[in-house]
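**Student:** Assemble chain P onto chain F, guided by the hints.
Protein sequence lines, in the order shown, are assigned to chains F and P.
Position one of the first sequence corresponds to residue 112 (this note's numbering), numbered consecutively onward.
Position one of the second sequence corresponds to residue 112 (this note's numbering), numbered consecutively onward.
Derived from the structure by calculation, the hints contain no laboratory data.
Just to be clear, a hint being listed does not mean it is correct.
In this list, chains with the same sequence are indistinguishable; a pair is considered to hold if it fits within one copy or across any two.
Taking lysine to any residue and the SDA-like style, the derived pairs with C-alpha atoms no more than 20 Å apart in a straight line are [what the hints assert, rightly or not]: (1) K255 / R220; (2) K278 / P289; (3) K255 / P289; (4) K257 / T149; (5) K255 / A297.
Next come the chains, spelled out residue by residue.
2 protein chains.
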Amino acid sequence: MNVSAMAVDNGVNVEALMGAREALANAPEAARFRWRATCDWMHGTHSRATVSGFFGLGQEQQRKTEFRFDADHPEVFASEDRGATPVEYVLVGLGACLTAGIAAVAQHRKIQLRSVSATIEGDMDIQGILGMDGDIRNGFDGIKVKFRVDADASPDDIKALVAQSQKRSAVFDIVTNPTNITVEVA
Amino acid sequence: MNVSAMAVDNGVNVEALMGAREALANAPEAARFRWRATCDWMHGTHSRATVSGFFGLGQEQQRKTEFRFDADHPEVFASEDRGATPVEYVLVGLGACLTAGIAAVAQHRKIQLRSVSATIEGDMDIQGILGMDGDIRNGFDGIKVKFRVDADASPDDIKALVAQSQKRSAVFDIVTNPTNITVEVA
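Next up, chain F with everything else stripped away, as it sits in the complex (with noise of 0.2 Å):
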């Protein structure tokens, strides 16, 4: 019996998301999940959003807590720096994803986690959503990860970690591969 794998606590409850595989494997409708935020403009580039329901499980899921953020242009666009602007709220959810997806992968693969932590950097040339270049898109060129990861494993089990959480992340795949969007206006 190894004692020290047996103790490993990320505070991830693996047992509980191998449990819902099983159960999802045989009700795949209970998988179909819809996310949701509503957003309202204040005054000027700040707007505030709201998350808290959602739909999964085959159900309408209400949270204990609603969630709030302010979004703005910082001053050097001559806005009020009320809050972060959008394009970091990307990097805010890519980062989120990743450590999310690291922490649950440890404890899949009992390896104890000390500390993660990460930078998210993007890249890009405002020229584009300024309008002065048609060939220089409005998003980031790239986006740069580090990851610094403390824990009981192997330089190279910790970059298999890392690797394996990527490949199940889904902020990742929304950023690295297109997804449609339909805009209306009511």
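**Tutor:** Positioned in the frame of chain F, the structure of chain P alone reads:
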């Protein structure tokens, strides 16, 4: 003189943005921006991100405020729901980007906005992130954005306004087109 048109004020300093365009046309290297977030693992799938400085206009830019964001998975994934999910952060960024764009374009077109609100919904089959079926992607199948805009403009002008915001949106571009991400482990 069109007094009502002159009185249009959505809180966006379009003159400054036009000035920036002119200045950047003469110094395109100043248009290179680098947006940043850092992310620290807390426990389980819970992480905390910070957004503060960024690089742009040829130098490091500091903000007065540091923005912090908690992210987590919800209770139906056996997590503690201590923040919005990573994919909801992407929806927040998308809604905020399109909304700021609507305010800016409306100002430029001398359309007075009274209110703008949006619902942003992303559909996902979680068999993807659970690794149950290689043909199901990790990210969204598709995203639907519904805007309600109350403004001094015809329905056609409002539709054109939203369409122009979409055309110049950084996050719309990031989600609908592929972006390269490099992940390194220190």
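**Student:** Any of the earlier hints contradicted here, and which numbers?
**Tutor:** 1
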